[in-house]
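Undergrad: Given the sequences, and given the hints that come with them, work out the whole structure.
First to last, the sequence lines map onto chains A and B. Adding 59 to a residue's 1-based position in the first sequence gives its number in this note's numbering. Adding 87 to a residue's 1-based position in the second sequence gives its number in this note's numbering.
These are computed hints drawn from the structure, not numbers from a lab. Cβ coordinates follow ideal geometry from the N, Cα and C atoms, glycine included. Misleading hints may appear alongside valid ones.
Claimed, not checked - On the chain B side, residues computed to face chain A include the following (Cβ under 10 Å):
#, residue
1, P120
2, G122
3, H180
4, R181
5, G185
6, Y186
7, K190
8, I199
9, L206
10, R209
11, S210
12, L244
13, A260
14, L313
15, R316
16, P345
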Amino acid sequence: MVDFLTLGFLQRSLMAAALTGGVCAAIGVFVVLRGLAFIGAGTAHAAFAGVALAYLLGGPPMPFAIAFGLGTAWIIGLLEERGRMKLDVSIGISYTATMALAILFIGLMKTYNAEVYGYLFGSILSVTADELKLTAGLAAVVVGLLTLFAKEFFFLAFDQEMAEASGVPARRFFFLLLTLVALTIVVSLKTVGAILVFALLLIPAATAYQLTSSLRGGAHDRGFAQDRRRDPGLRAAADPGGHRVSTDVQPAPDDGLLGGDRRARLRRRRPAVVPVRPADRSGHRAPRHGRVLRRRRTLPQTSAQARDFLKRLAHCLQRAFPKVGPVLVRFQT
Amino acid sequence: MSHPHPAHTHPHHADHEHGKPLIRFDHASFWYPHGPALEDITLEIADGEFVGVIGPNGSGKTTLLRAILGLMPPTRGSLRIFDCACQNLRCYHRARIGYLPQKRAVDPYFPITAREAVLMGRSGAIGLWKRPGKADLEIVRHALEDVGMEDYEDHPLGALSGGQQQRVFIARALAQHPQILLLDEPTTGIDTTTQHTVLDLIQRLHEELHLTIVLVSHDINLIAPLAERLALLKTRLYALGSAKQVLTKEILAQVYGPQILTTDTGHVIVADHHHN
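TA: Okay, structure coming up:
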């Protein structure tokens, strides 16, 4: 049944997809947090222009794509740094200018070249062993650097000026981030194309952004808040009256499939004074002081949970699509 | 709010020397593309000194702090921090300067807790690529206690009120264990009780740890009793000296206009012309 997995080209494709998806998701976290979302689109189309020029001149596509991608990312970064132009404006200009160049280069070609369009839409089944090695090498470098300098990249994403003022070489890290983004996009071009790479950068990070409220929660260990344990004695001493500020999230009325939007969840986390629950005989302690308890969202395990899930799904659809919703509710009942 | 952490935990306390100038403006001018922000500033701030900076809106108070941070080199004249030209400030110099920027909007959905925000203040001290250790987490806890925010350490920063966020950012500046503390309108958006608590804390930090403090505020009456010297700015340095020397009717009238009055108790008030 799984014989097709023994095919070499399919193995390479699957590995390339996994590597590209992983590295784009990892760097996408910093891209989204730093507010550089559209740089993915700008750089990808600039790299495509580089590929088109390479085919026009008969040169190797990768160096041209790297030159165009890096050049565009750095120019956008410099313009933002000098404050002369807003980021979205400079990205918009570079995006359209490089795409126009790409179309010009393609138009200047004397024959139709299908390979060029492969870089626009991706051709994952034609990934070669060398390209796979290049993707794996870049993934290792990008993930390694992001892990090593997670602390600095997060400070940069939160407040670049404060990071610089606090003794972090934020400017260098900003350009390092731009360089890594450009390289990731260029190497992913052949696999997923200039359009899909933008989605791979944004969607995983944007999803995580909706579900987390802590740097530690958004991706794997990012260097902050490693030790969340606190001395329980200190907590007791801090409030001998037996009351404390708690951030425990109370069950909220269902207002959607995921229990409400992020804004509502943040409101629910506002502190409420509740009595401290002492440890019981079995040694079960009250939830840790000040710790945000998340509502666990798991797949339905029982038929009752499945029915409840479907009911909420129908409710959401009814709100989103008033005409289709009632039909679904009738179908469900 | 507890007392600031003991003096011996502060790295700059033991080798404290009084009077050695840490910040030296020498006829320094700072220009933005649209015009001058500060002109011909000559000012020396000694180690352990508490200087209050006052002036009307757009007088260059924030620019003065940004210049001390090395974020804005002078277009004319010179500025030396820790006896190093501000253009050449290195990361280890900057790590010794704590900075509380003017209150600004924080992205309410940025995934960061109060503790993580304070831990960012340790970045310069921890060093590149290194992870925070137990000592750093302890310093962060002390800093949060100093500003009375220890109960909120695991709260998302975006869920805190503006005043609470301001206290978290003060804690971030304190966690840096700075030698120079630059505070830009630290009491903005904070309720009156907390304003006094924060100002008490700043004064204690100055007295017990001998931090060099440059505090910018538009509230003259709040800053005057605290600062050893006041600098009155309006693009140029109009006056520099004790509160008594600077807050005179003549000087204030020149900078703020004739409606500014001083009372016998030394308070500065605005004449209420609406009810005349």
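Undergrad: Indicate, hint by hint, whether the structure satisfies it.
TA: Cross-check of the supplied hints:
1. P120: holds (9 Å)
2. G122: violated (15 Å)
3. H180: holds (8 Å)
4. R181: Since chain A brings a Cβ to about 4 Å from R181 (chain B), closer than 10 Å, the hint holds.
5. G185: holds (8 Å)
6. Y186: With a minimum Cβ separation of about 5 Å from chain A (threshold 10 Å), the hint on Y186 (chain B) holds.
7. K190: This interface hint is violated because 13 Å lies over the 10 Å limit.
8. I199: holds (5 Å)
9. L206: holds (5 Å)
10. R209: holds (9 Å)
11. S210: Since the shortest Cβ distance to chain A is 5 Å, the answer is holds.
12. L244: Hint on L244 (chain B): holds, closest Cβ of chain A at ~9 Å, below 10 Å.
13. A260: Given a least distance of 9 Å, the restraint on A260 (chain B) holds.
14. L313: violated (23 Å)
15. R316: violated (24 Å)
16. P345: violated (37 Å)
When each numbered hint is compared with the structure, violations occur for hints 2, 7, 14, 15, 16.
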